[in-house]
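Q: As they're listed, the protein sequences go chains H and Z.
Residue numbering for the first sequence follows my numbering, starting at 1 and increasing by one per position.
Residue numbering for the second sequence follows my numbering, starting at 1 and increasing by one per position.
FYI, nobody ran anything at the bench for these hints, they're computed from the structure.
Where hints are given, some of them may not hold.
[As the list claims (entries may be wrong)] Think about it this way: if two alpha-carbon atoms lie no more than 27 Å apart in a straight line, the pair counts; the simulated DSS-like pairs of lysine-lysine are:
1. Z/Lys13 - Z/Lys174
2. Z/Lys294 - H/Lys30
3. H/Lys221 - Z/Lys279
4. Z/Lys294 - H/Lys244
5. Z/Lys179 - H/Lys25
6. H/Lys177 - Z/Lys211
7. Z/Lys179 - H/Lys244
8. Z/Lys16 - Z/Lys319
9. Z/Lys108 - H/Lys16
10. Z/Lys288 - H/Lys221
11. H/Lys244 - Z/Lys319
12. H/Lys244 - Z/Lys317
13. H/Lys150 - Z/Lys179
14. Z/Lys211 - H/Lys107
15. Z/Lys294 - H/Lys221
16. Z/Lys179 - H/Lys153
17. H/Lys244 - Z/Lys16
18. Z/Lys174 - H/Lys244
19. Z/Lys279 - Z/Lys16
20. H/Lys107 - Z/Lys108
21. H/Lys244 - Z/Lys316
22. Z/Lys294 - H/Lys28
23. Z/Lys16 - H/Lys177
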Amino acid sequence: MNILVCISKAPDTTTKISFTDGNTKLNKDKVQFIVNPYDEWYALVRAIELKEQYGGTVKIISVGDAEYDPIIRKAIAIGADEAVRINSDALDAHFVASQIANYAKDKGFDLILTGKETINYNGSQVGAMIAELMGLPYVATASKLEVNGKVAKLERDLAAGVEVLEADLPVVISCAKGMAEQRIPNMRGIMAARTKPLEVIEPTPTDQYTEIVGYELPADKGSVTYIDPNNMDELVQLLHSEAKVI
Amino acid sequence: MAILVLLDNHNDKISKAALEAVSYAHQIAQNSGDEVTALSYGKLGDSLLKAVGQYGAKTVWHHADLHHPTEDQLTALCAAAMEKLGASMMVCPFDGLGKSVAPRLAAKIGAGYVAGAISLPEISGSELTVKKNVFSGKAIATVKVKTQKKIIGLMPNSVPVVTSDATAEIEAFKPEIPKSGVRVVEIRAEAAEGIPLPEAEIVVSAGRGLKGPENWGMVEDLAHALGAATACSRPVADIGWRPHHEHVGQTGIAIRPNLYIAAGISGAIQHLAGVNGSKTIVVINTDKEAPFFKAADYGIIGDVFEVLPRLTEAVKKFKAAN
Ligand SMILES: Cc1cc2nc3c(=O)[nH]c(=O)nc-3n(C[C@H](O)[C@H](O)[C@H](O)COP(=O)(O)OP(=O)(O)OC[C@H]3O[C@@H](n4cnc5c(N)ncnc54)[C@H](O)[C@@H]3O)c2cc1C
Ligand SMILES: Nc1ncnc2c1ncn2[C@@H]1O[C@H](COP(=O)(O)O)[C@@H](O)[C@H]1O
Numbered sequence: 001m002n003i004l005v006c007i008s009k010a011p012d013t014t015t016k017i018s019f020t021d022g023n024t025k026l027n028k029d030k031v032q033f034i035v036n037p038y039d040e041w042y043a044l045v046r047a048i049e050l051k052e053q054y055g056g057t058v059k060i061i062s063v064g065d066a067e068y069d070p071i072i073r074k075a076i077a078i079g080a081d082e083a084v085r086i087n088s089d090a091l092d093a094h095f096v097a098s099q100i101a102n103y104a105k106d107k108g109f110d111l112i113l114t115g116k117e118t119i120n121y122n123g124s125q126v127g128a129m130i131a132e133l134m135g136l137p138y139v140a141t142a143s144k145l146e147v148n149g150k151v152a153k154l155e156r157d158l159a160a161g162v163e164v165l166e167a168d169l170p171v172v173i174s175c176a177k178g179m180a181e182q183r184i185p186n187m188r189g190i191m192a193a194r195t196k197p198l199e200v201i202e203p204t205p206t207d208q209y210t211e212i213v214g215y216e217l218p219a220d221k222g223s224v225t226y227i228d229p230n231n232m233d234e235l236v237q238l239l240h241s242e243a244k245v246i
Numbered sequence: 001m002a003i004l005v006l007l008d009n010h011n012d013k014i015s016k017a018a019l020e021a022v023s024y025a026h027q028i029a030q031n032s033g034d035e036v037t038a039l040s041y042g043k044l045g046d047s048l049l050k051a052v053g054q055y056g057a058k059t060v061w062h063h064a065d066l067h068h069p070t071e072d073q074l075t076a077l078c079a080a081a082m083e084k085l086g087a088s089m090m091v092c093p094f095d096g097l098g099k100s101v102a103p104r105l106a107a108k109i110g111a112g113y114v115a116g117a118i119s120l121p122e123i124s125g126s127e128l129t130v131k132k133n134v135f136s137g138k139a140i141a142t143v144k145v146k147t148q149k150k151i152i153g154l155m156p157n158s159v160p161v162v163t164s165d166a167t168a169e170i171e172a173f174k175p176e177i178p179k180s181g182v183r184v185v186e187i188r189a190e191a192a193e194g195i196p197l198p199e200a201e202i203v204v205s206a207g208r209g210l211k212g213p214e215n216w217g218m219v220e221d222l223a224h225a226l227g228a229a230t231a232c233s234r235p236v237a238d239i240g241w242r243p244h245h246e247h248v249g250q251t252g253i254a255i256r257p258n259l260y261i262a263a264g265i266s267g268a269i270q271h272l273a274g275v276n277g278s279k280t281i282v283v284i285n286t287d288k289e290a291p292f293f294k295a296a297d298y299g300i301i302g303d304v305f306e307v308l309p310r311l312t313e314a315v316k317k318f319k320a321a322n
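Isolated chain Z, as found in the complex:
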């Protein structure tokens, strides 16, 4: 069973989430003695593509003329690649494009699709079962895929990555891509600052306890010292203190970093839903009754205005010494 992995192009880079998907596919393929082929497009240098081999892809099929494809065009690209490979499984990252290409492809080729897998699958015969989060992270479901063709969207930061020093072969793959009914008119890119939140291993997040947007310097300083991304609670995004893409929780994005530091956030159930997959949670709050402490590994009952700068200093001291 050959496995295809879609590498979505993020501003002419390959995302960490996509490389995780390659490693994940490789771990599945190894058990059955199969190969992983990665599929990419757009402006990506050969050295970037070859390096995908480190994550377990034997070959990278690359469509260099496809720039800013729409979802239906990527669906066509994936379908053509699966057919040519005779692949019965595709893995893609469960973010951005993967989220909209995978279900469309599933309907096109009659594949069962698992959106947001968080574990390696168990495969017996033609049946596959795998775990995913449901009810916004309040529970985990085991999903069985019954179809012969299967698609897995892998939740970022869920399964450890395995690497080697192999390099991948690059082959041009340029099937006819149909015209799309959707046209990209304009991309108003903002300078991508720092680390994309869904991929971050460490996240520093803050809520209404910060009192106002002018106080976010403390949050950013700590994030900077840790090499972390920043996030926020929903009311903070709603009143415009922070951009919407930082809003985590049930109605924002769900993240699973290794370390989540919550400063001045009460820990409402809708907020926890987006972060309770984090491996370690640190909570800083003046109110010892704040519900977030029940979900925390480490709790600090204290004022963010004092604790955050102190923590930043301690991190800097630690980094300098190690």
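With the rest of the complex left out, here is chain H:
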């Protein structure tokens, strides 16, 4: 089974976000980048488990500049076989999906896995777009994935309950909690990651559909009003007459 895993990078979850250039660019000073958690914990680990079960290869793909390389090496260390980076800024979701679809179209992958969403721009877009551009079925936010011959068996959580699905391979799947358990790379993996192939290829020209023109930080909360724990009537009154939320 040949699996392509789409890996993006994201600021570490404890990062304080700030901007430069008149609030048009992320200030990367002091920002530690990590593998986007959903891509690492769920998509990549499940891909490696399936390879361990059925054989085949796990390939990582990222659309990004050279800053991505340490992220890709970390993902390889967890157990992927090889990686490719499309050497361009990730201009928007459509651009990223087009690059990945274009790369994957004649490579015969059985599964293309993405994370549920990136925690930086939170779009949940790229997987669905890859599927449409390649004319493949797509299952969003799967929490379980088994493969049986040419059919993927999937589950996903609904607001109340679970949906059980089947999809013909090849299929694009976005992976959410439940699909696998996080793996910590071991020393052997980290050593091996240094020598595994990381191919860099140039992007194909693609229109950018959307563009971020500016950022702002959410309005600061005014200072907190403390309420006596014995006087919940006062809180209820304030929620009613001051905050106007009840």
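Model the placement of chain Z with the ligands on the given structure of chain H, informed by the hints.
A: For chain Z with the ligands alone, coordinates are given in the frame of chain H:
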């Protein structure tokens, strides 16, 4: 510019989030003197569909034979409707199905897509700009859509709803829907208890400070008194005290209720990322240094085991008197 709105069918009901999307589209259309057409499917009664008119849809196109469609089938339905309408914009709720249909449709018809808009757009000529949350709610971005066709996924509970007493015309709309490569084998529905979290206007949330799952009765009592949904911090879902769909934060769901009450939650940055869009935040914690107090509007330094029941009583008293 006609605007299409996808009404996703939630157990044969129309979600509040979808009705918000209709009202949002109506507010955009009014400025340009256009009409909103809503698109629905499945088993939905005429009275439900007509009532969509209150939110600003002139017409509802309904595909009554389409049950539990997959995302690619809904994409085909939306694409056919946009073409027939000559619509250049679609709005859908940024939840469940909308999240997976909208990007697929965007790729299909070459539309620029904004995932999770939180404001009404500004439109000048063929360019549209709108705000959305980025970095898990730690910042807001203004996104410009450059394509002629545009799709907006509207974050639930973001933009006030405007209603009237109009009713919508219902028309059957049954284009050929292709067979899907995905099959729904089974839906193991649990009784949908209470209010769906992403749509709730009031949320009562609790963390490890509650000590164990057996103590959640206090949380549910308060939620019940307020007509609120319940939520929790990530460790609480991870150890199985509460179901995963209640987990809010950077790696859970992001919510923006009018009132968020956090009991026994420390307020880690990853938790705040999912709730800092809330209009009013109340924090109950024994530790006056808990980081959550910095994000709170009202703080109570106290023990949840005493404060929650007291607050529930105060709410009940207030509701009885008003
Ligand atoms: C990559 C990553 C992603 C994460 N994503 C999320 C996420 O999406 N959502 C999330 O919630 N967390 C997330 N976390 C975890 C987060 O960092 C915190 O560990 C978590 O939010 C803490 O949960 P808590 O507040 O319930 O527990 P604790 O931090 O243990 O806090 C319990 C609080 O209860 C108070 N308390 C104790 N007893 C009482 C009492 N009797 N009365 C009142 N107060 C009391 C304590 O003072 C304390 O402040 C993530 C972490 C990482 C590394
Ligand atoms: N620049 C990128 N390179 C490779 N994969 C990406 C990139 N951006 C997003 N993805 C994948 O698409 C998923 C959804 O991303 P998003 O649509 O940004 O929420 C992520 O979890 C990744 O698996």
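Q: Could you run down the list of hints and mark each one as holding or not?
A: Taking the hints in turn, this is what the structure says about them:
1. Z/Lys13 - Z/Lys174: holds, 20 Å
2. Z/Lys294 - H/Lys30: Given that 27 Å is the threshold and the Cα spacing comes to 23 Å, the pair holds.
3. H/Lys221 - Z/Lys279: holds, 10 Å
4. Z/Lys294 - H/Lys244: The given pair, whose Cα atoms are some 21 Å apart, holds under the 27 Å limit.
5. Z/Lys179 - H/Lys25: violated, 44 Å
6. H/Lys177 - Z/Lys211: holds, 24 Å
7. Z/Lys179 - H/Lys244: Violated, because 49 Å separates the two Cα atoms, which is more than 27 Å.
8. Z/Lys16 - Z/Lys319: Answer holds: Z/Lys16 to Z/Lys319 is near 24 Å, not above 27 Å.
9. Z/Lys108 - H/Lys16: violated, 37 Å
10. Z/Lys288 - H/Lys221: Distance ~18 Å between Z/Lys288 and H/Lys221 Cα, so the pair holds.
11. H/Lys244 - Z/Lys319: holds, 14 Å
12. H/Lys244 - Z/Lys317: holds, 17 Å
13. H/Lys150 - Z/Lys179: Satisfied, since the Cα-Cα distance of roughly 18 Å is no more than 27 Å.
14. Z/Lys211 - H/Lys107: violated, 52 Å
15. Z/Lys294 - H/Lys221: Roughly 8 Å between the alpha carbons, so the hint for Z/Lys294 and H/Lys221 holds.
16. Z/Lys179 - H/Lys153: holds, 18 Å
17. H/Lys244 - Z/Lys16: Roughly 21 Å between the alpha carbons, so the hint for H/Lys244 and Z/Lys16 holds.
18. Z/Lys174 - H/Lys244: Distance ~45 Å between Z/Lys174 and H/Lys244 Cα, so the pair is violated.
19. Z/Lys279 - Z/Lys16: holds, 18 Å
20. H/Lys107 - Z/Lys108: holds, 22 Å
21. H/Lys244 - Z/Lys316: Holds - the C-alpha atoms of Z/Lys316 and H/Lys244 are around 17 Å apart, at most 27 Å.
22. Z/Lys294 - H/Lys28: holds, 25 Å
23. Z/Lys16 - H/Lys177: With Cα atoms ~26 Å apart, Z/Lys16 and H/Lys177 stay inside 27 Å; holds.
Consistency note: the structure conflicts with the earlier hints numbered 5, 7, 9, 14, 18.
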